[in-house]
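J.: Fit chain Y to the supplied structure of chain H, relying on the hints for placement.
Those protein sequences? They're chains H and Y, same order as listed.
When we follow the working numbering, the leftmost residue of the first sequence carries the number 1, and every step to the right adds one.
When we follow the working numbering, the leftmost residue of the second sequence carries the number 1, and every step to the right adds one.
Keep in mind that the hints were calculated from the coordinates and are not lab data.
Note that the coordinates shown come from a computational prediction; the quantities given were computed from them, not determined experimentally.
Backbone N, C-alpha and C fix where the C-beta goes; we use that ideal spot for every residue, glycine too.
Careful: at least some of the hints might be erroneous.
Over 12 Å on every C-beta distance to chain Y, these chain H residues come out as not near it, computed from the model [to be verified]:
1) 7
2) 45
3) 84
4) 94
Between beta-carbon pairs, the in silico distance windows are [unchecked claim]:
5) 28/Y with 54/H: 23 to 29 Å
6) 75/H with 14/Y: 48 to 54 Å
7) 75/H with 77/Y: 42 to 48 Å
8) 61/Y with 17/H: 27 to 33 Å
9) 79/H with 70/Y: 30 to 36 Å
10) 28/Y with 17/H: 39 to 45 Å
11) 67/Y with 8/H: 19 to 25 Å
12) 38/H with 38/Y: 15 to 21 Å
13) 18/H with 44/Y: 28 to 34 Å
14) 16/Y with 5/H: 36 to 42 Å
15) 57/H with 77/Y: 36 to 42 Å
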Amino acid sequence: KNEVEQSPQNLTAQEGEFITINCSYSVGISALHWLQQHPGGGIVSLFMLSSGKKKHGRLIATINIQEKHSSLHITASHPRDSAVYICAGEYGNKLVFGAGTILRVKS
Amino acid sequence: DTAVSQTPKYLVTQMGNDKSIKCEQNLGHDTMYWYKQDSKKFLKIMFSYNNKELIINETVPNRFSPKSPDKAHLNLHINSLELGDSAVYFCASSQDWVGGINIQYFGAGTRLSVL
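One chain only, chain H, in its complex shape (with noise of 0.2 Å):
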C-alpha cells in the first residue's frame, strides 16, 4: 500500500524560530514531493526532490532513502509562512498525499 504519513499534524511557533516538518512514505516512490497551501486556498509546489537536499531561499528540503524520510525545514520563520504544508510521494504517474502539516507562525 501507498502510504505518505507525516507530522506533526499542527505546529504553532513564535516568529524566527526554526522549524521542520517530516515527511514518511513507503517504499517505491521515485520522488518526493513538497507544497505549500494558502490560508486562502492556492497550492504551490515548493520542491520536488529524489536524493540529497534542495534549498530555496529560507526553506531547505532533505530526503533519505535509506530511511524512507523527507524533512522540510523553514528557517528565521516569519507569520506569512503561516500554511498548510503537504508531503506527497510520487508512485509511479501519480502523487500520494500526506494530510498536511498546519503551521501557524505567531509574531
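T.: For chain Y alone, kept in the frame of chain H given last:
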C-alpha cells in the same frame, strides 16, 4: 496571465443536479490532473490526462466524467450530484509524466457545495 485557471471558483447547487468545472492551462504542458480535497484538507488524485488521453482514473464514481478537448483543457462534469461530492476540486498541470511527474502547477480551486 494565470497559468492554470479553473472556473467557477465557487459552485453551490442542489442534490441531483449536473454541473461542470472547466480548467485551462497556458503553460504548454502535456499532462493535466483533477484532485479532490475533502473537508479535512486531504488531497487525492481523481484523474490524469496526458495529451488528451486518460492515464489515471482513481476509483472515482462514474458520475464524474473528465473531458479533454485538447491538451490545454481538462473539464470535469459531474452528474447527479450528491452531498458527499461537496469538496474543493483542484486542477493541475505538469510538463510531462513519462519518467516521473514534474513540478505541478495548480489552479485556484473550485469550492463545490451540494445542498
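J.: Each of the hints needs a verdict: does it hold here or not?
T.: Right, here's what the structure says about each hint:
1. The beta carbon of residue 7/H sits about 15 Å from the closest Cβ of chain Y, which is more than 12 Å, so the claim that it is off the interface holds.
2. The non-interface label for residue 45/H is inconsistent with chain Y: the shortest C-beta to C-beta separation is roughly 5 Å, within 12 Å.
3. Residue-level check failed: residue 84/H sits 6 Å from the nearest beta carbon of chain Y, not beyond 12 Å.
4. Residue 94/H, annotated as away from the interface, has a beta carbon of chain Y within 12 Å; the closest lies near 5 Å.
5. Look at residue 28/Y against residue 54/H: about 24 Å separates their beta carbons, and that is inside 23 to 29 Å.
6. Residue 75/H and residue 14/Y have their C-beta atoms about 49 Å apart, which keeps the hinted 48 to 54 Å range intact.
7. For the pair residue 75/H and residue 77/Y, the supplied restraint of 42 to 48 Å holds, since their beta-carbon distance comes to about 45 Å.
8. Between residue 61/Y and residue 17/H the beta carbon distance is about 44 Å. The supplied range of 27 to 33 Å is therefore violated.
9. Our hint of 30 to 36 Å for residue 79/H and residue 70/Y is violated, since their Cβ atoms are close to 42 Å apart.
10. Our hint of 39 to 45 Å for residue 28/Y and residue 17/H holds, since their Cβ atoms are close to 40 Å apart.
11. For the pair residue 67/Y and residue 8/H, the beta carbons lie near 40 Å from each other, so the given range of 19 to 25 Å is not met.
12. For residue 38/H and residue 38/Y, the hinted distance range of 15 to 21 Å is satisfied, since their beta carbons lie about 18 Å from each other.
13. Separated by about 31 Å at the C-beta atoms, residue 18/H and residue 44/Y satisfy the suggested range of 28 to 34 Å.
14. Between residue 16/Y and residue 5/H the CB atoms are about 38 Å apart, so this pair conforms to the stated range of 36 to 42 Å.
15. The beta-carbon spacing between residue 57/H and residue 77/Y, approximately 40 Å, falls within the hinted interval of 36 to 42 Å.
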